[in-house]
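Per the working numbering, the sequence shown starts with residue 31, numbered consecutively.
Just so you know, these hints were derived from the structure itself, not from any lab.
Here the structure is a predicted model, which is why all the values come from computation and not from measurement.
Each residue gets a CB set at the ideal place from its N, CA and C atoms; glycine is no exception.
A couple of the hints might just be wrong.
Unchecked claim - The calculated label-pair distances, taken between Cβ atoms and stated as ranges, are: (1) Pro48 x Gly79: 39 to 47 Å; (2) Gln90 x Gly53: 41 to 49 Å; (3) Glu108 x Arg68: 29 to 37 Å; (4) Pro88 x Glu46: 48 to 56 Å.
To be verified - In the BS3-like style, the derived pairs of lysine-lysine whose C-alpha atoms are separated by at most 27 Å in a straight line are: (5) Lys103 x Lys64; (6) Lys128 x Lys64; (7) Lys43 x Lys128; (8) Lys84 x Lys103.
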Amino acid sequence: MTISEELLDELLKGCERPEDLLGDAGLMKELKIKLMERMLGAELTSHLGYEDGKDAPPDQTNRRNGSSAKRLKGQDGELPIAVPRDRDGSFEPELVKKGQTRIDGMDDKIIGLYAAGLTVRDIRAHLEDVYGLQVSPDLI
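Construct the entire structure; sequences and hints are all you get.
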């Protein structure tokens with residue numbers, strides 16, 4: 031996947047000063063938060079076996095159960111993220127583990143995965159190499 035010029039132009043439309051891109055409420059921080067939340071949502075989808083917004087299989091009792099707020103400390107300060115939950119509490123996220131409060135070195139690498147246009151195989155290898163995460167292609 032590569033980021034098109036049109037998408038990049040759209041993302042940068044509101045950025046007039048360096049702070050708009052790199053500041054505490056800037057685009058880069060917002061992208062990191064959104065990408066982590068998207069990946070956590072994909073982990074929950076993989077765990078539950080059905081997509082968000084779809085009906086769960088009739089024989090399945092475990093369901094999505096909102097999210098909980100978490101503040102991670104990273105190189106850009108605190109990152110407030112919403113970690114999805116399941117009803118029976120069996121969901122154990124891999125990207126941001128329960129009890130984890132630091133996300134050292136993660137910030138630039140997450141952006142790099144998507145911005146570099148890596149294939150699913152490359153992203154899997156990168157996550158395993160850098161974070162020790164073994165994820166399925168469906169999760170990515």
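Structure-based check of each hint:
Between Pro48 and Gly79 the C-beta distance comes to about 44 Å, which sits within the given range of 39 to 47 Å. Taking the beta carbon of each, Gln90 and Gly53 are about 43 Å apart, inside 41 to 49 Å as hinted. The given range of 29 to 37 Å is broken by Glu108 and Arg68, whose C-beta atoms sit roughly 19 Å from each other. About 52 Å separates the C-beta atoms of Pro88 and Glu46, a value consistent with the hinted range of 48 to 56 Å.
As the CA atoms of Lys103 and Lys64 are separated by approximately 16 Å, the hinted pair is consistent with the 27 Å bound. As the CA atoms of Lys128 and Lys64 are separated by approximately 19 Å, the hinted pair is consistent with the 27 Å bound. The straight-line distance between the Cα atoms of Lys43 and Lys128 is roughly 36 Å, outside the 27 Å bound, and the hint therefore fails. Taken as a hint, the Lys84 and Lys103 pair is broken in the structure, with Cα atoms around 33 Å apart against an allowance of 27 Å.
Checked against the numbered hints given earlier, this structure breaks hints 3, 7 and 8; the rest are met.
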